[in-house]
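> Residue numbers (the working numbering), protein chains in the order written: chain G, 1 to 337; chain U, 1 to 337.
Keep in mind that the hints were calculated from the coordinates and are not lab data.
Virtual Cβ for every residue (Gly too), placed ideally from N, Cα, C.
Hints should not be assumed to be uniformly reliable.
The following label-pair restraints were derived from C-beta to C-beta distances [as the list claims (entries may be wrong)]:
no., chain 1, residue 1, chain 2, residue 2, range
1, U, ILE326, G, LEU263, 24 to 34 Å
2, U, GLU222, G, VAL324, 33 to 43 Å
3, G, SER105, U, ARG261, 49 to 59 Å
4, U, ALA316, G, GLN37, 33 to 43 Å
5, G, ILE325, U, GLN41, 37 to 47 Å
6, U, GLN38, G, GLN37, 51 to 61 Å
7, U, PRO30, G, THR56, 36 to 46 Å
8, U, GLU190, G, LEU263, 38 to 48 Å
9, G, MET136, U, SER16, 21 to 31 Å
10, U, GLU222, G, THR314, 38 to 48 Å
11, G, SER105, U, ALA208, 26 to 36 Å
12, G, SER105, U, ILE326, 28 to 38 Å
13, G, THR314, U, SER152, 49 to 59 Å
BS3-like, lysine-lysine: derived pairs with alpha carbons at most 27 Å apart [unchecked claim]:
no., chain 1, residue 1, chain 2, residue 2
14, G, LYS29, G, LYS9
15, U, LYS9, U, LYS29
16, G, LYS101, U, LYS29
17, G, LYS58, U, LYS58
18, G, LYS125, G, LYS101
19, G, LYS58, U, LYS101
20, U, LYS101, U, LYS125
Quick look at which bits of chain G chain U covers, simulated, 3 or more residues with Cβ under 8 Å [claimed, not checked]:
no., region
21, 73–84
22, 180–189
There are 2 protein chains.
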Amino acid sequence: MATIGDVAKYAGVSRSTVSYALSGNRPIKPETRDRIQQAIQVLGFTANAGARALATSKTWIMGLIVPFTPEEFAPATLGYVLGVSESARDLGYDVLLVTRKEGDSGIARITESGLVDGVILLDVKRHDDRIHSLRMARQPSVLIGIPEDETSMDCVDLDFFAAGRMLVEHLHALGHRAVLFLTLPEQLFEQDLGYAWRFREAVSRTSAQLGMTVHEVAGDSEPEARAREIGAALDRYPDVTALLAHNDGALVDLPMVLQDRNLRVPQDLSVVSLFPERFGRMFSVPYTAIETSATAVAERAVRLLAQRIERPETPAIRELIAPVIIDRGSSALPRQP
Amino acid sequence: MATIGDVAKYAGVSRSTVSYALSGNRPIKPETRDRIQQAIQVLGFTANAGARALATSKTWIMGLIVPFTPEEFAPATLGYVLGVSESARDLGYDVLLVTRKEGDSGIARITESGLVDGVILLDVKRHDDRIHSLRMARQPSVLIGIPEDETSMDCVDLDFFAAGRMLVEHLHALGHRAVLFLTLPEQLFEQDLGYAWRFREAVSRTSAQLGMTVHEVAGDSEPEARAREIGAALDRYPDVTALLAHNDGALVDLPMVLQDRNLRVPQDLSVVSLFPERFGRMFSVPYTAIETSATAVAERAVRLLAQRIERPETPAIRELIAPVIIDRGSSALPRQP
DNA sequence: CTGAAAGCGCTTACAG
DNA sequence: CTGAAAGCGCTTACAG
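Throw the hints in and build the complete structure from the sequences for me.
Given below as structure tokens:
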């Protein structure tokens, strides 16, 4: 491979001049610049990443920590991964992917070795050990999700509390007073995932305030069990007039389950939900819902991290993205008893 | 951050001794080794990745090129990404993720700068421009998928031709003579994706050899259109006794579509398919099928690349993973007319 | 507007 | 069994 020395020799200048021409950090005489440009072309020169990182202490790589919990929903996760990657490239960064098996040690490894300039953490838990590793690191980090103790941590997320509240208020405004709430798989709560808890808390608090009855059904991650649970719950609570489904997997089976019981939407049962936008494009989920935009969240997170890398000392930011309901006509006035 | 010099000073040895203790590349007196170990502990030393890469010309990073075609199926793609990441870590490598927007230039960027030791390419097309960039690179690469011209390229993939043939033969053996073949979204064929074409070709060739009639239905990527197409095709070809569905998105809607038409599986219609294993765990797809194991393919690809990185000159390998049918009882003798 | 030189933090032949 | 030194390929103060 051609080095900066080869380019310098070919262009008849010093290595420092080539370097400055590359970085634009000092004015170069136009003709000199042209000669250098040509030399670069001819020799096919690209600066060595390791050498540059060593000299500048900057790698232009962001670490992305993704646990890939098996119970989580692939299209959602993928949306974040893709969003982070594309946004990072827009700002000149590459993305190093660190997945589950390693857990905590992965963060230490990529930060302590100086492999990355910063870290984005996905699937933040309410009490997340990994945040300790992030605080120890000399590189900045941004969380996608909100932990219990967010002191001095930059966080970005959809406002899942507002989302839960909005959906309950939406049903309440239509006149619904008894709602079936299909939650995420229990494992996700056990894993202490912030968004799962915040959404559920919003639903239970808001419904309590508004005097609504909410029957919770723990959404399974296993398809057959899930369908059975939904059916059983509909039998158990004949008073419910609406279904609030926060379970991506279940949404796909829902049309079938409801049809099996001859329940028309929205005449017999209103259905509202929350799911990733990618999901709606891939499957038939004809329900009024809040669409979580991984792209928007990822983009904000990457921007924030890039800013932090440049100016580490500004105070931590918490950015909640306001949810928006897309009306697909699956909610209406409750059926008359 | 502590450098190797700090460790050397603390342990009272030279930097080279610390380096050799780290690499194990020459014997070190046990007591010396212990002192060094302790110094590393106390100072919290981790070797700088850039410096090491510069000195050794090895980054321990594999590039993973993933186009993330929107028509493709998230669980499938995610399976490969996750599989590559985990397998790479097992061998000591990190993974740098390069996604669509950049396309071709991304490969040049990460190889020419020496950022990666090798590249894994996903979603290989039959005629894939990116392979040219890979051939130009000084680092080795492995394709997940088989291009038309695989000269001197390492390739790993599920044997999609064998898969298509197996499923057709399976139906033929049961006595089916007219089959509806629901293909992947047309866009994937237009994108020239190898696996889409190979599977389809296997289906059409095998059925021709066996004297079977195959009606193709172009699977849409848009959910509503897809369901309509399936229904229309079932009406159009009343002679079909079996459905061969190679369309992940459609599989989820299928139970509903078939129920709408009062078609029982397998009494009225046999259904066989091919889908990623992750998919079956997430959704209810009760069909006899070949399960594509992204994990297995990814693991082979990573191993192959690691070998290439160590010994670049051995001849190129093509590794096709034999498909296996999982019987879920959705195929039976054809209904009597 | 440009060059010579030091330095980033490692590894590894060379020497003992 | 260990050390001193050169070198990997960049960047950037220092000097002119």
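> Honestly, which of those hints from before does the structure not fit?
2, 5, 11, 16 and 22
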